[in-house]
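Peer 1: One-letter residues, chain by chain:
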Amino acid sequence: MIERPETAVPSITQRNLEGYVGFANLPNQVYRKSVKRGFEFTLMVVGESGLGKSTLINSLFLTDLYSKDYPGPSQRIKKTVQVEQSKVLIKEGGVQLTLTIVDTPGFGDAVDNSNCWQPVINYIDSKCEDFLNAESRVNRRSMPDNRVHCCLYFIAPSGHGLKPLDIEFMKRLHDKVNVIPLIAKADTLTPEECQLFKKQIMKEIQEHKIKIYEFPDTEDDEDNKLIRKIKEKMPLAVVGSNVVIEVNGKKVRGRQYPWGVAEVENGEHCDFTVLRNMLIRTHMQDLKDVTNNVHYENYRSKKLAAVTCNGVDTTKTKGQLTKSPLAQMEEERREHVMKMKKMEAEMEQVFEMKVKEKKQKLKDSEAELERRHEQMKRNLEAQYKDLEEKRRVFEDEKNNWEAQQRILEQQKLDASKTMEKNKKKGKIF
Amino acid sequence: LTVTKVGEGARAVPLAGHVGFDSMPDQLVNKSVNHGFCFNILCVGETGLGKSTLMDTLFNTKFEGEPTQHNQPGVTLKSNTYELQESNVRLKLTVVNTVGFGDQINKEDSYKSIVEFIDAQFEAYLQEELKIKRTLHSYHDTRIHACLYFIAPTGHSLKSLDLVTMKKLDSKVNIIPIVAKSDAISKSELAKFKIKITSELVSNGVQIYQFPTDDESVAEINSTMNSHLPFAVVGSTEEVKIGNKMVKARQYPWGTVQVENENHCDFVKLREMLIRVNMEDLREQTHTRHYELYRRCKLEEMGFKDTDPDSKPFSLQETYEAKRNEFMGELQKKEEEMRQMFVQRVKEKEAELKEAEKELHEKFDRLKKLHQDEKKKLEEKKKSLDDELNTFKQKKMAAELLLTQAQQAGGSTTLKRDKERKK
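Residue numbers (my numbering), protein chains in the order written: chain A, 1 to 429; chain B, 1 to 423.
I should point out that these hints are in silico values taken from the structure, not numbers from a laboratory.
Cβ coordinates follow ideal geometry from the N, Cα and C atoms, glycine included.
One or more of the hints may lead you astray.
Claimed, not checked - Derived coverage of chain A by chain B (criterion: at least 3 residues anywhere in the stretch with Cβ under 8 Å from a Cβ of chain B; other residues may be distant):
#1 151-160
#2 198-206
#3 209-217
Stated by the list, open to error - Here are the simulated lysine to aspartate or glutamate pairs, EDC-like style, with alpha carbons at most 20 Å apart:
#4 A/Lys390 - B/Glu380
#5 B/Lys382 - A/Glu388
#6 A/Lys303 - B/Asp306
#7 A/Lys390 - B/Glu379
#8 A/Lys358 - B/Glu362
#9 B/Lys323 - A/Glu331
#10 B/Lys376 - A/Glu381
#11 B/Lys369 - A/Glu370
#12 B/Lys368 - A/Glu381
#13 A/Lys398 - B/Glu300
#14 A/Lys363 - B/Glu355
#15 A/Lys203 - A/Asp221
#16 A/Lys385 - B/Glu374
#17 B/Lys375 - A/Glu381
All chains, full assembly: derive it from the sequences and hints.
Peer 2: What follows is the structure, given as structure tokens:
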């Protein structure tokens with residue numbers, strides 16, 4: 001299911017009008033302005049050659065889009081897949097419509113069709129890119145809307161199921177553009193075969209989770225009943241014709257066979273009328289709105305996310321994507337400032353710590369040196385003391401000895417004096 | 001909203017029948033009706049000019065609000081949103097009132113809060129538009145679509161506050177000037193007053209909103225109405241019986257002023273123009289003219305350009321990438337600067353500490369030297385003591401020797417004597 005954006009309803013006070021005001025005329029004002037502006041629509045048709053794409057376009061718009069002067073792609077043989085656009089201006093009931101038909105000649109016609117969808121994807125993306133650039137300019141003037149609003153995918157009426165190419169193509173394009181699959185040349189299938197074919201196709205579409213264009217539910221129950229009826233007929237089986245044939249007195253568009261006429265606008269013969277009514281008369285605006293609000297927004301947000309995250313694949317939370325790239329940069333700036341502050345604080349811390357360490361080391365070595373110095377000093381002092389003591393002892397001893405010597409000397413002197421005396425007295429023997 | 005030139009580059013082809021795309025306008029209208037409409041009116045005018053009453057009268061309902069006093073210190077804006085429905089059309093109407101306008105002694109800054117408010121709504125829209133994941137489809141548009149400027153019914157001319165304010169607002173919002181409480185002016189005075197106002201606006205270059213004349217279906221009525229500007233209005237929510245009908249009116253002793261009587265005032269004209277005919281155009285002008293101007297100025301201010309110096313157009317990606325690179329460069333530079341500063345500090349501190357270390361070692365070297373000297377001195381002292389000791393020892397030894405010799409020689413006598421004594 002393609003998600004449609006929800007309309008937010010804020011809490012607001014209700015007021016009842018007590019008389020005529022006049023804003024009921026707003027729709028008329030809108031009508032008037034839109035007619036003046038004119039409308040544009042871009043329709044893309046994709047399918048193998050020979051599936052009647054050009055014929056169907058001509059039948060849908062009751063015009064010869066491709067004529068002698070503007071030959072359609074079927075007249076030209078292509079070697080590779082091209083993407084070509086034709087722009088026409090059609091008027092009806094005072095309403096002007098600029099219709100762009102985008103054709104893809106060569107699609108699926110080669111033997112090796114790998115990547116034949118790539119030119120188609122490139123085209124769709126480039127139109128979105130153009131719009132994005134125009135929308136993002138500083139000076140915005142008129143923004144022509146060339147985005148592809150609808151892609152009709154033609155399925156060959158094999159009666160069996162989808163081909164691998166069909167599945168591959170739809171899977172790659174379902175989130176880029178509104179895809180409406182059609183069974184082409186439906187007049188080659190009987191009603192029963194057609195029913196089975198449709199069932200099979202829808203089953204495969206669901207299996208492969210392909211998101212084809214969904215009709216929105218309306219407020220009106222009657223409309224919803226019709227919508228449900230249409231949904232049951234999907235994919236629509238169509239027949240196109242440029243030839244007008246007379247059937248029962250009426251001039252109708254159809255294909256003449258020996259066994260009868262397959263009428264294009266006969267609801268029992270094919271779903272052409274359903275397609276036309278849905279595509280042009282009731283849901284053209286919705287196709288444009290879904291393209292604008294869903295497919296284009298997807299493209300834009302992917303593109304801008306790539307720019308802001310600079311290609312870095314992140315698991316960033318959804319919340320960050322709701323900002324504008326500029327707000328994102330502001331946020332990054334703030335984050336960076338905080339990171340820098342933190343880094344600064346950390347560096348400061350490391351710095352302080354290192355300084356402290358160094359200072360401590362210095363202190364320690366100072367203390368060590370002091371200690372050693374003290375020790376040496378004390379050592380020296382001790383030695384000094386020793387020396388003093390030794391000297392004192394020596395001095396004492398010397399003094400003592402000298403004193404003793406003097407006594408001895410005195411004794412000697414006395415002794416020799418006494419001897420002299422005794423000699424004189426004759427006591428010497 | 002996109003405004004395109006229809007049929008550009010396309011060739012016209014005839015249709016062979018009824019295709020059915022003429023239902024496109026209806027499809028568009030149905031979508032709009034389902035989605036609901038939104039309209040925002042700003043009422044600017046002095047306190048007491050009947051702004052709230054006029055809103056009530058215009059929309060035939062009673063909105064919020066107590067009459068404000070005259071003592072507000074500044075101009076504030078009060079906004080209220082209402083959901084109205086007429087037939088199948090739902091309208092989200094926001095009425096913004098200027099509270100305190102014209103009440104201050106110094107009114108130089110009166111217009112500022114109004115301009116700020118208008119810009120804030122533009123900014124909110126711009127932010128939404130620039131988001132990566134945005135929901136413009138369901139965004140509640142708060143941008144001001146119409147500004148009713150209430151002129152006091154003096155009968156003379158515009159006040160300078162009016163001219164200054166309108167000049168500041170004319171490039172930001174659609175201004176519709178109205179003469180308030182116009183039942184205070186007589187018809188002849190009113191005609192002169194209107195002419196004076198219009199000429200003053202023109203001579204001061206004030207751009208007021210012109211009802212569009214480019215659509216044939218409404219060109220005539222719009223151009224007629226343009227000539228009736230400014231609308232002289234009277235508002236009233238009270239009803240008075242006139243004939244057998246109840247009509248909105250103001251009852252005076254001398255008569256009754258009927259609000260919806262076009263001979264009495266321009267109320268009906270205002271309602272026609274503002275609501276019934278040109279509401280959508282007012283919204284469109286706001287978006288394609290006023291908002292675009294704001295957006296352009298804002299983006300240019302931020303340094304965005306559409307073309308590079310060689311006049312080649314920038315793609316969106318290039319613009320953002322350029323901005324981002326510039327931004328990242330700035331951040332890198334800041335980071336580098338901070339690192340450098342740290343490196344510098346570290347260097348300085350290291351030098352400091354090295355210096356301290358050197359000093360310490362020098363100090364201790366000196367001490368060591370002192371110590372060495374002391375040690376040397378001590379050694380010397382030691383040596384001298386040793387020398388003395390030796391000398392003394394020798395002296396002693398010599399003395400001993402002498403004594404021993406002396407004793408040996410005549411020492412025997414003493415010895416004998418001692419021996420005898422002992423006997």
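Peer 1: Please go over all the hints and tell whether each is borne out by the structure.
Peer 2: Here is what the structure says about each hint:
Counting residues of the segment 151-160 of chain A whose CB falls under 8 Å from any CB of chain B gives 0; the rule of at least 3 is not met. Counting residues of the segment 198-206 of chain A whose C-beta lies closer than 8 Å to any C-beta of chain B gives 0; at least three are required, and the coverage claim is violated. Closer than 8 Å: that is the beta-carbon criterion, and the segment 209-217 of chain A has 0 residues meeting it against chain B, so the requirement of 3 is violated. With a C-alpha separation of about 15 Å, the suggested pairing of A/Lys390 with B/Glu380 holds against the 20 Å cut-off.
Restraint check: the Cα-Cα separation between B/Lys382 and A/Glu388 comes to about 9 Å, which is no more than 20 Å; the hinted pair holds. For the hint pairing A/Lys303 with B/Asp306, the CA-to-CA distance comes to about 18 Å; that is within 20 Å, so the pair holds. Taking the CA atoms of A/Lys390 and B/Glu379, the gap is near 14 Å; set against the 20 Å cutoff, the hint holds. With a CA separation close to 18 Å, the supplied pair A/Lys358 and B/Glu362 stays within the 20 Å bound.
Restraint check: the Cα-Cα separation between B/Lys323 and A/Glu331 comes to about 14 Å, which is no more than 20 Å; the hinted pair holds. Using a Cα cut-off of 20 Å, the hinted pair B/Lys376 and A/Glu381 holds, with the two alpha carbons roughly 13 Å apart. Note on B/Lys369 and A/Glu370: the hinted pairing holds, with a Cα-Cα distance of about 14 Å set against a maximum of 20 Å. With a CA separation close to 15 Å, the supplied pair B/Lys368 and A/Glu381 stays within the 20 Å bound.
Note on A/Lys398 and B/Glu300: the hinted pairing is violated, with a Cα-Cα distance of about 111 Å set against a maximum of 20 Å. In summary, the hint linking A/Lys363 to B/Glu355 is supported, as the alpha carbons are separated by about 14 Å, within the 20 Å threshold. A threshold of 20 Å between alpha carbons decides the hint, and for A/Lys203 with A/Asp221 the separation of about 27 Å lies outside it, so the pair is violated. Restraint check for A/Lys385 and B/Glu374: satisfied, since their Cα atoms lie roughly 14 Å apart, inside the 20 Å limit.
Restraint check for B/Lys375 and A/Glu381: the C-alpha separation of about 10 Å stays at or below 20 Å, so the hint holds.
When the structure is compared with the earlier hints, violations turn up for hints 1, 2, 3, 13 and 15 and for no others.
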